[in-house]
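Let chain A serve as the given structure and place chain B with the ligands on it in line with the hints.
Protein chains in written order, with full-length UniProt numbering: chain A, 1 to 161; chain B, 1 to 293.
If you are wondering where the hints come from, they were derived from the structure by calculation, not from laboratory data. In this text, all values refer to a predicted model and were calculated from it rather than measured experimentally. Please note: incorrect hints may appear among the correct ones.
[Said to hold, decoys possible] Among chain A residues calculated to face chain B with C-beta under 7 Å, some are:
1. Ile-2
2. Thr-52
3. Glu-58
4. Val-60
5. Arg-61
6. Val-68
7. Arg-125
8. Ser-133
9. Ala-161
A virtual CB, placed ideally from N, CA and C, is assigned to each residue, including glycine.
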Amino acid sequence: MIAPIPVSLLVNGEQVDAAVQPRLNLADFLRDNLKLTGTHIGCEHGVCGACTVRIDGEIVRSCLTLAVQAHGTAIETIEGLSDSGEIADLQAAFRERNALQCGYCTPGMLITAQDLLQQTAMPDRRAIREHLSGNYCRCTGYQAIVDAVEATARARAERSA
Amino acid sequence: MKAAAFAYARATSVVNALELLAAHGDRAKVLSGGQSLMPTMNLRLISPDIVVDIGGLRELRGIAVKGDVLVIGALTRHADLLNSPEVAAHAPLLRDAVTHVAHPAIRNRGTIGGSLAHADPASELPACIVALDATIVVRGSGGERRIAATEFFKGIYETALSSQELLVAVEIPVAAEGSTFFFQEYARRHGDYAIVGLAAHAVVRDGMFADLRLGFFAVGDRPLLASAARTLVDVAITSAALAEAAVTLASELDPQEDQQASSAMRRHLAKVLLVRCVATLLSRPELATGVAR
Ligand SMILES: Cc1cc2nc3c(=O)[nH]c(=O)nc-3n(C[C@H](O)[C@H](O)[C@H](O)COP(=O)(O)OP(=O)(O)OC[C@H]3O[C@@H](n4cnc5c(N)ncnc54)[C@H](O)[C@@H]3O)c2cc1C
Ligand code: FES
Numbered sequence: 001m002i003a004p005i006p007v008s009l010l011v012n013g014e015q016v017d018a019a020v021q022p023r024l025n026l027a028d029f030l031r032d033n034l035k036l037t038g039t040h041i042g043c044e045h046g047v048c049g050a051c052t053v054r055i056d057g058e059i060v061r062s063c064l065t066l067a068v069q070a071h072g073t074a075i076e077t078i079e080g081l082s083d084s085g086e087i088a089d090l091q092a093a094f095r096e097r098n099a100l101q102c103g104y105c106t107p108g109m110l111i112t113a114q115d116l117l118q119q120t121a122m123p124d125r126r127a128i129r130e131h132l133s134g135n136y137c138r139c140t141g142y143q144a145i146v147d148a149v150e151a152t153a154r155a156r157a158e159r160s161a
Numbered sequence: 001m002k003a004a005a006f007a008y009a010r011a012t013s014v015v016n017a018l019e020l021l022a023a024h025g026d027r028a029k030v031l032s033g034g035q036s037l038m039p040t041m042n043l044r045l046i047s048p049d050i051v052v053d054i055g056g057l058r059e060l061r062g063i064a065v066k067g068d069v070l071v072i073g074a075l076t077r078h079a080d081l082l083n084s085p086e087v088a089a090h091a092p093l094l095r096d097a098v099t100h101v102a103h104p105a106i107r108n109r110g111t112i113g114g115s116l117a118h119a120d121p122a123s124e125l126p127a128c129i130v131a132l133d134a135t136i137v138v139r140g141s142g143g144e145r146r147i148a149a150t151e152f153f154k155g156i157y158e159t160a161l162s163s164q165e166l167l168v169a170v171e172i173p174v175a176a177e178g179s180t181f182f183f184q185e186y187a188r189r190h191g192d193y194a195i196v197g198l199a200a201h202a203v204v205r206d207g208m209f210a211d212l213r214l215g216f217f218a219v220g221d222r223p224l225l226a227s228a229a230r231t232l233v234d235v236a237i238t239s240a241a242l243a244e245a246a247v248t249l250a251s252e253l254d255p256q257e258d259q260q261a262s263s264a265m266r267r268h269l270a271k272v273l274l275v276r277c278v279a280t281l282l283s284r285p286e287l288a289t290g291v292a293r
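Only chain B is shown next, with the shape it has when bound in the complex:
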């Protein structure tokens, strides 16, 4: 199908975009890469009166290290994340994740800001920024707000953004000494949205987790920072401890049932990913056998 008629405004600056959003309120939609907005409009799931195209705003593009944070502009495309030496050095989790986001032609236009604002619970980047303890920078006519990634996602396609605000950047603490990362997902086909996935960040010292953040996706209505991780920090990991963490994890998940998987299957796969993740991050393959078979 084709999109219903709408008016189009090419924003000339962030300030101009915010003026347009203030003038049109809920009847306006922001257009970045269009890789989620256009399908939704073509399927006529939504029909905005006006589309505010921010795609040309250079001030929202680019990746830079400022002190101990990696700042990624909202319009930075998936393809840019994949090719960025700064991302590879300071947040390799994002690079690993992006190879699973859609397909090359879509990665050439889709943006990180669009992906986070869209907030599909099966999407990779939201879970990554939760695992990376990032901050989302949002601008409205009243000024700037900074929102912790863990507070940003509110439900399926729902975020803390109001319809008159723009997501302008993501700030990610640069990887600390001893940081390691894990990314894996189950999908029917490479590039499809995940059935279940896990993006993790850990600090390992003397064979133990000094820190562990597990960002699961496609297991509920938003990316989940699993509290089961806490039971694994600063303790010697045994198969029994890991099995217990897997049980805790299953109880905090609320996975949906759909054509791809039942909720029981999603719970099972999440446990498998947890075990694999811990075994991989600690370089202890024996842990991957024995639990959650």
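So here's chain A without its partners, still in its complex pose:
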């Protein structure tokens, strides 16, 4: 048996201290140990994007990150982004435009779309598609998702003008 390794990190602003097996990936740590089940697991090899979270402000695949690698970092999950109200307008736009059906990809889509909107105030549809290219959706056909992100960008630009 391999000895567990101590880790300390911030998750959605709260200090978490735990001892984990090296093989435990961050997605499983968030879901099983912390019961933050908004982070979804689709493929476990980096292809689908359902497990996207933020580490120190940057989006990453939590299925390709070990929990031990997250030691000393600040993690934000969809629960954190949702509770803080940071993406309330984006979530509303997804709802209004039917940009989700089963909802499995939605947490990853929202986090990835918010990442783009933070970097680029008014991305065009090509830039939106490119930024979301690593996130699979098997229901919507993507058009509604691109619509929702575009509408949110426009609304934010109008608000700040």
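For chain B with the ligands alone, kept in the frame of chain A given last:
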């Protein structure tokens, strides 16, 4: 699937990492960004006994110009290459290529050292560093080795690195006066591994190539520096000369057949890229019509 159990060691320095590798030999795997290692472990294609995490070693991170070389630390992430003014100024080929490497969340963790050590023949960065005539700096317990990029790649996922060595940096000659670059690939979807791609570096003088290096990828078991380029240097380029170079190119390729493309399709696409590349670099669009239709 999930990775099988393994022990984990967080290296505290390059020397410490090398000690760990020396102690565990083939049973250890180096972890940088994990964007190729973790998928392979999760799919249980490999199950190392111990993972040596070098991700925290600041000494391996960063981009600097030293004299006439651009030095890129092994842990420099794809996202760092994309945003670096030094890369944009001295090796813009890398910036152009990185936009095709995977997706933003993967580019935030994947590193240049990991990409080169992984040596996927369909990967963009290995072909770029071959085209850029770079040198790979490797450290082992016995000291440092410098390996020409053209000598580094040995086959599918195979390199000149031993299991007890670390890739520590890449040295790229800064772009000379008159340098131009070309990068294009065919992929099913933006960010996917390429079906066929070309990373090229040329020096153009008086409408002719004074130098031309063509780094093709996904056309064989490793990035290929096409010798067909030699037939195009220091000569006036005509459609006929270009058609002949395309034939030479097709004969030196050994493309694989897989679900994405037959080898004949890969040969064809490589020829199309060659023609487009030459037409673009010489600003002669008429060359792009007429050959390899
Ligand atoms: C969905 C998906 C799509 C992708 N698409 C592309 C793509 O289109 N093009 C592309 O090029 N790549 C692609 N990648 C791979 C990505 O670019 C990886 O970042 C890269 O191949 C490996 O870098 P890493 O730092 O993550 O290395 P790791 O995964 O940490 O390591 C990879 C291998 O190299 C070894 N290694 C790592 N660093 C060193 C070192 N310094 N010295 C010696 N050995 C070392 C490891 O032991 C391991 O065997 C994709 C990945 C995913 C998950
Ligand atoms: S579960 Fe992580 S990318 Fe699919």
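Here is how each hint holds up against the structure:
no. : hint    : verdict
1   : Ile-2   : 5 Å, holds
2   : Thr-52  : 5 Å, holds
3   : Glu-58  : 5 Å, holds
4   : Val-60  : 5 Å, holds
5   : Arg-61  : 5 Å, holds
6   : Val-68  : 6 Å, holds
7   : Arg-125 : 13 Å, violated
8   : Ser-133 : 5 Å, holds
9   : Ala-161 : 27 Å, violated
Violated hints, in rising order: 7 and 9; the structure is consistent with all others.
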